[in-house]
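Trainee: In case you want the letters, here they are:
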Amino acid sequence: MKKLKLKELESCLQRVDTFESPKLLLEQYPTRPHIAACMLYTIHNTFDDIENKTIADLGCGCGMLSIGSAMLGAGFCVGLDIDADALEIFNSNIEDFELTNVNVVQCDICSLSDSMSNTFDTVIMNPPFGTKHNKGIDMIFLKTALQMAKTAVYSLHKTSTRQHIQKKAAEWEVKMEVLAELRFDLPASYKFHKKKSVDIEVDFIRFSAKKVLN
Amino acid sequence: MKLLTHNLLSSHVPGLRPGGGFPLRIELGHPSELPPEPLPNYEADEEFLRRLHHVLLEVEVLEGSLQCPDSGRRFPISRGVPNMLLTEDEA
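Protein sequences, first through last, are from chains A and B. Be aware that the first sequence starts at 1, since it is given in UniProt numbering, and climbs by one per residue. Be aware that the second sequence starts at 1, since it is given in UniProt numbering, and climbs by one per residue.
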């Protein structure tokens, strides 16, 4: 398999179609191709957690992370999301990119609990942060991801929640490594917000799935 | 939806017995080409193995439904995407 360079991966991901009308309450926004490419490149080259592995993308939206994983040689990718409109766009992306090893499931991550324990090698996700009447959803996604993954979970979380996550990681007996600190500029949520976008600091974290309490 | 993906899915209808809701029964518009049970000595049966490989790795269910073995509740599959969401009344 031809080795894909970071710039090439980023170019490819720029072709991924994203949300037509993002739903604010679901915190929908596309993971930027540059960020997705850097994340996936690290996961692949530093940790070898993509090539020939089974991968789950929780809160996949239009599939940026899944498609990137498929391009880096993932064995099989499954994207999970609650929103049918996003999944429709994901489906058309799968067709455009002619991928044969990516599947998509519509479900509510919050009600999966441990029904998919140890079913994937790796979980890669950009979960909702819990800023829209859905406080705590980031931790639900994380806990579910840790139950699903056999080897590792790669996720993005607000830097402001880092200490809380460290506490939980210790409680769940999983190793946590902050791989990078990123800056997201998210589109403004409400019409009365003066700025067009807001900057938030985000941690890119690797959790190694050792043991999670039920 | 590939068979590999179907393998992950289970029904979350409330009130099921522990371990219930799995496996979901796949309902298609047309009958399957596989026999209901593997025949004895299936490892040597080339024709069967070829059909099995095809079903496991190459078939994608585009339209159909998944039926919960315990509650009978059907989860639709449309354009290859199984919809596992419960309605507000069910959840």
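No lab work stands behind these hints: they were computed from the structure. Only a predicted model underlies this, so the values are computations on that prediction, with no experimental measurement involved. Possibly wrong hints are sitting among the right ones.
Far from chain B, some chain A residues (derived; all Cβ distances over 12 Å) [said to hold, decoys possible]:
1. Arg15
2. Leu24
3. Leu25
4. Thr46
5. Cys107
6. Asp108
7. Leu182
Rough simulated footprint, nothing fancy, chain A against chain B, three-plus residues with beta-carbon under 8 Å [unchecked claim]:
8. 37-51
9. 63-73
Glycine included, every Cβ here is placed at the ideal spot set by N, Cα and C.
Trainee: In terms of Cβ atoms, is chain B entirely out of 12 Å range of A:Asp108?
Mentor: About 6 Å separates A:Asp108 from the closest Cβ of chain B, which leaves it inside 12 Å; violated.
Trainee: Would you say A:Thr46 is clear of chain B, with no C-beta pair closer than or equal to 12 Å?
Mentor: holds, 27 Å
Trainee: Are there at least three residues in the stretch 37-51 of chain B whose beta carbon sits under 8 Å from a beta carbon of chain A?
Mentor: violated (count 0)
Trainee: Classify the label on A:Leu24 as holds or violated, using whether its beta-carbon is more than 12 Å from each beta-carbon of chain B.
Mentor: Consistent with the label, A:Leu24 stays out of reach of chain B, its closest Cβ about 20 Å off (over 12 Å).
Trainee: Given as covered by chain A, does the stretch 63-73 of chain B meet the bar of three residues or more with CB within less than 8 Å?
Mentor: violated (count 0)
Trainee: Would you assess whether A:Cys107, listed as outside the interface, keeps its beta-carbon beyond 12 Å of every beta-carbon in chain B?
Mentor: violated, 4 Å
Trainee: Taking the closest pair, is the beta carbon of A:Leu25 still more than 12 Å from chain B?
Mentor: holds, 15 Å
Trainee: Was A:Leu182 rightly flagged as not at the interface, with every chain B Cβ beyond 12 Å?
Mentor: Holds: least Cβ distance 30 Å, greater than 12 Å.
Trainee: Taking the closest pair, is the beta carbon of A:Arg15 still more than 12 Å from chain B?
Mentor: holds, 21 Å
Against the hints set out earlier in the document, violations occur for numbers 5, 6, 8, 9.
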